[in-house]
Amino acid sequence: MAALAEQYDRFKKMGAEVVTVSTDTQFVHLAWQRDEKLLEKVKYPMGADPTGRISRMFGVYDEQTGLALRGTFIISPDGTLLNSEVNYYNLGRNIDELMRKFKANLYLSKHSDEGCPAKWKDEGDKTLKPSADLVGKVYEALQ
Amino acid sequence: MSEEICCGLKVGQKVPDFEMDTFEPSKGDFGKFSLKKAKKAGKWTILFFYPADFTFV
Chain A
5 MAALAEQYDR
15 FKKMGAEVVT
25 VSTDTQFVHL
35 AWQRDEKLLE
45 KVKYPMGADP
55 TGRISRMFGV
65 YDEQTGLALR
75 GTFIISPDGT
85 LLNSEVNYYN
95 LGRNIDELMR
105 KFKANLYLSK
115 HSDEGCPAKW
125 KDEGDKTLKP
135 SADLVGKVYE
145 ALQ
Chain B
62 MSEEICCGLK
72 VGQKVPDFEM
82 DTFEPSKGDF
92 GKFSLKKAKK
102 AGKWTILFFY
112 PADFTFV
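From first to last, the protein sequence lines are chains A and B.
Letter by letter, the first sequence follows residues 5 to 147 of my numbering.
Letter by letter, the second sequence follows residues 62 to 118 of my numbering.
Misleading hints may appear alongside valid ones.
Unchecked claim - 25 Å max Cα-Cα, derived DSS-like pairs, lysine-lysine:
{"id": "1", "chain 1": "B", "residue 1": "K104", "chain 2": "A", "residue 2": "K114"}
{"id": "2", "chain 1": "B", "residue 1": "K98", "chain 2": "A", "residue 2": "K16"}
{"id": "3", "chain 1": "B", "residue 1": "K98", "chain 2": "A", "residue 2": "K105"}
What the hints contain is simulated information worked out from the structure, not anything from laboratory work.
Model the full structure from these sequences, guided by the hints.
In structure tokens:
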């Protein structure tokens, strides 16, 4: 959450609204954000999902505990879910990887006939254009 | 509960519009997040779920 706070302005400048969500209320969010020094730089809105309605919608609600698993979801401006990643309770997320995926989605939204390969990191890196010529020649295309 | 807000959206699916209450540290006040409004503003939305406040971050 602190790592996300560090990159929040970048996400925002690139056109994303980042919202964190837990099953706590907004009142508890306020108390926690003001209390915890790690969160003093947090600027993102902290969403309250006390009924678990939103968490269930994204399949991260744990009925046993009433808590949400560590799920990250990227939704395009037309409302399509483009990324879904869920970690169990005990594994934190890499915000650089979230940034990479967001950048890739931005790029692909403007270049719909291309694909970003596994090692794609930023605009300017090699992409692939699926075609008959590419079949069996991905290695060569990536050189 | 309606069907579409049931059990786990998959990538490629349209996310139904929803709203939720927020605390907004930048304003020091409560607010609301609305997917419909974000879409209207041409914004991407990144949702970042976590288990609970006052636990390790």
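Here is what the structure says about each hint:
1. B:K104 <-> A:K114: Answer holds: K104 (chain B) to K114 (chain A) is near 15 Å, not above 25 Å.
2. B:K98 <-> A:K16: Roughly 15 Å between the alpha carbons, so the hint for K98 (chain B) and K16 (chain A) holds.
3. B:K98 <-> A:K105: Holds. K98 (chain B) to K105 (chain A) sits at ~23 Å (cutoff 25 Å).
Comparing the model with each earlier hint shows no violations; every hint is respected.
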